[in-house]
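Undergrad: Just so you know, the protein sequences line up as chains A and B, in that order. Read in order, the letters of the first sequence correspond to residues 383 to 500 in this note's numbering. Read in order, the letters of the second sequence correspond to residues -13 to 97 in this note's numbering.
Treat the hints with care, since some could be wrong.
Unchecked claim - Examples of chain A residues lying across from chain B (beta carbon under 7 Å, computed): (1) V393; (2) S425; (3) I475; (4) F491; (5) G492; (6) P493; (7) G494.
Hints are computed from structural coordinates only; laboratory data are not their basis. By construction, the Cβ of each residue, glycine as well, lies at the ideal position given by its N, Cα and C atoms.
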Amino acid sequence: GAVVSQHPSRVICKSGTSVKIECRSLDFQATTMFWYRQFPKQSLMLMATSNEGSKATYEQGVEKDKFLINHASLTLSTLTVTSAHPEDSSFYICSARARRARSYNEQFFGPGTRLTVL
Amino acid sequence: QKEVEQDPGPLSVPEGAIVSLNCTYSNSAFQYFMWYRQYSRKGPELLMYTYSSGNKEDGRFTAQVDKSSKYISLFIRDSQPSDSATYLCAMKETSGSRLTFGEGTQLTVNP
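With the rest of the complex left out, here is chain A (with noise of 0.2 Å):
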């Protein structure tokens, strides 16, 4: 169980066009999801957090405008990349937070989607 699917799994886009990424939690209602970013041998870094029905939090040095965050239900919440520059190339990485998570703020994690922007 607690499986996190993410779509699609690599794009590759020119300069100027927007991607959105999907994330899902297969078989758990996920109340709170993260998207996170990281780039080749570096850590992940939080971008936002997001709970179902409402904005998401972002954090400090996140342009919010540009990286457009939509959590709509219990299973999806997905990430819109506008207008793409090479500098948002990356590796992101989104994880659900279940209804009942432990208190150490269990997540599962997507497999990641790798952006390329030419």
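Position chain B relative to chain A; hints supplied.
TA: Below, chain B alone, put in the same frame as chain A:
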């Protein structure tokens, strides 16, 4: 200063060796400590979590926490080539949901 420091490696060991991975932290509010394993181009998967000082064992893995020194470790016994991955430590304060990750240590176990 980073809240969590982790030696990025890379670390290369022969099969069967004991591996020691470490993280130090500066935020005394961290109370929950986790170790994740991440294979190349995949999402992290949870290996172990602890919330008290001392040792916790799960098969070949032992997690150790020393809150007085703000130091945590993960030991892997009888390491296998399949253990080759990046290992990330993560920490959380008592309240809130935010995890703070270390940089990750890249481990290669050679057959």
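Undergrad: Now, for every hint given, state plainly whether the structure supports it.
TA: A quick look at each hint next to the structure:
{"no.": "1", "hint": "V393", "verdict": "violated, 14 Å"}
{"no.": "2", "hint": "S425", "verdict": "holds, 4 Å"}
{"no.": "3", "hint": "I475", "verdict": "holds, 5 Å"}
{"no.": "4", "hint": "F491", "verdict": "holds, 4 Å"}
{"no.": "5", "hint": "G492", "verdict": "holds, 5 Å"}
{"no.": "6", "hint": "P493", "verdict": "holds, 5 Å"}
{"no.": "7", "hint": "G494", "verdict": "holds, 5 Å"}
Of the numbered hints stated above, the single one contradicted by the structure is hint 1.
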